[in-house]
Amino acid sequence: MLFYRPNMFMNARSFFCALLLALPATVMAEPPADQKQQKPKTSGEILLAELAEDESVSDVEHSEPRRTPGKAPAPEKAPIPGKAIPKPAQEPKKVAPNIDLKEVAPAPTSEPPTTAETTVENTAENSAEMPEENTAGTAGSMETTETTETAPESPAKQPQPAKNLVLLGSEVLPGTSTRLAWSSGIQIAGLAQPTPVLVVNGVNAGPTLCLTGTIHGDELNGIEIIRQTMYDLDPEKLTGSVVGIPIVNLPGFQQGSRYLPDRRDLNRHFPGRPNGSLADRIAHSLFEKIIRHCDMLVDIHTGSLKRTNLPQLRADMNNPIVAEFTRGFDRMAVVHSSGSPGMLRTAAVNAGIR
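Under my numbering, the residues of the sequence shown are numbered 17 to 370, in order.
What the hints contain is simulated information worked out from the structure, not anything from laboratory work.
Nothing here was measured: the structure is a model prediction, and the numbers come from that model.
Quick reminder that beta carbons are idealized off the backbone N, C-alpha and C, glycines included.
Keep in mind that the hints are not guaranteed to be accurate.
Distance condition first, Cα-Cα at most 20 Å in a straight line; then the derived PhoX-like pairs of lysine-lysine [to be verified]:
no., residue 1, residue 2
1, K118, K253
2, K118, K179
3, K179, K305
Computed spacing ranges between beta-carbons, pair by pair [claimed, not checked]:
no., residue 1, residue 2, range
4, E119, A349, 35 to 45 Å
5, S353, K322, 18 to 28 Å
6, R323, S354, 22 to 32 Å
7, G201, H309, 12 to 22 Å
8, R323, E119, 29 to 39 Å
9, R323, L207, 30 to 40 Å
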């Protein structure tokens, strides 16, 4: 603000004239109070609201954080009545890492290049480094080999190469083994508990066998049976693929109980329901995410506390496909049992799984 000190020798009229001349300059120099703190708006900038006088620091701490300056979000359009809302696109499937099941799973790393890309790169490098003389000699030898080569074997005798096994949102490449994780969703405690899923995909095409254990939480022998079986498989010599789930009933296993925390028998609720009880939801998740992707199923049950069972194989021998499947179990005793409704093997047979 301008400050004017009159000269003691000025008369009153001169003083008032000078004061009138100074007032417009003062008014023009000072903007209105409501425009002092106002800044020019720039394109794409969001102005931050200032703290009002009646707001305390505690009110601000419990309120939503301020938006940082940047581009303003586009306003969402109201849905048109009668028009279906498009579903979000599914996430692309990731390639599961090839690991040794006998070792602890390594930390997640970036996806390695596919086998086809690596082969093409190596072939291009080798051809660029090869001398011209050797190339000519190789061409001549190739021509000689083609003339003396015997007729190829019939396609029926040659094994077909395996394809990628898609399971639980991952692709398991042929000739690899990996660990995946399956979770049935929110449990009774409000937490999601994943359980390991061991997968071995052979180099040759074939059926997919699923091994399940500990559907009853106090039947522990199936855990070690599946572990040793999966660890001894060599994907380079395997035809088909094998999926092993050592612990299906993880809550019951943690409590040493045959049943789930809601006191239901999981093996009486297959194929399950997505909106049913806890047992229904676990059964539905396992059946839809894993069991339906398999061609054959072996559900391992063992004697629990204070019980000893004779090794036996229970199957519906009235089903010719299932009866043929039992021939691969050597000399184990086979007990004919069609199974009760709600059992995993009963639901699997009804779904066309051996």
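Structure-based check of each hint:
As the CA atoms of K118 and K253 are separated by approximately 17 Å, the hinted pair is consistent with the 20 Å bound. For the suggested pair K118 and K179, the alpha carbons sit about 24 Å apart, so the restraint of at most 20 Å is broken. Between the alpha carbons of K179 and K305 the distance comes to roughly 19 Å, so the proposed pair stays at or under 20 Å and holds. Our hint of 35 to 45 Å for E119 and A349 holds, since their Cβ atoms are close to 36 Å apart.
Range check, S353 to K322: Cβ separation about 23 Å, and the 18 to 28 Å hint holds. Look at R323 against S354: about 23 Å separates their beta carbons, and that is inside 22 to 32 Å. The hint said 12 to 22 Å for the Cβ distance between G201 and H309, and at roughly 18 Å that hint holds. Checking the proposed 29 to 39 Å range against R323 and E119 shows it holds: the Cβ atoms sit about 35 Å from each other.
Range check, R323 to L207: about 31 Å between beta-carbon atoms, so the 30 to 40 Å window is met.
Going through the hint list in order, the structure does not satisfy hint 2, though it satisfies all others.
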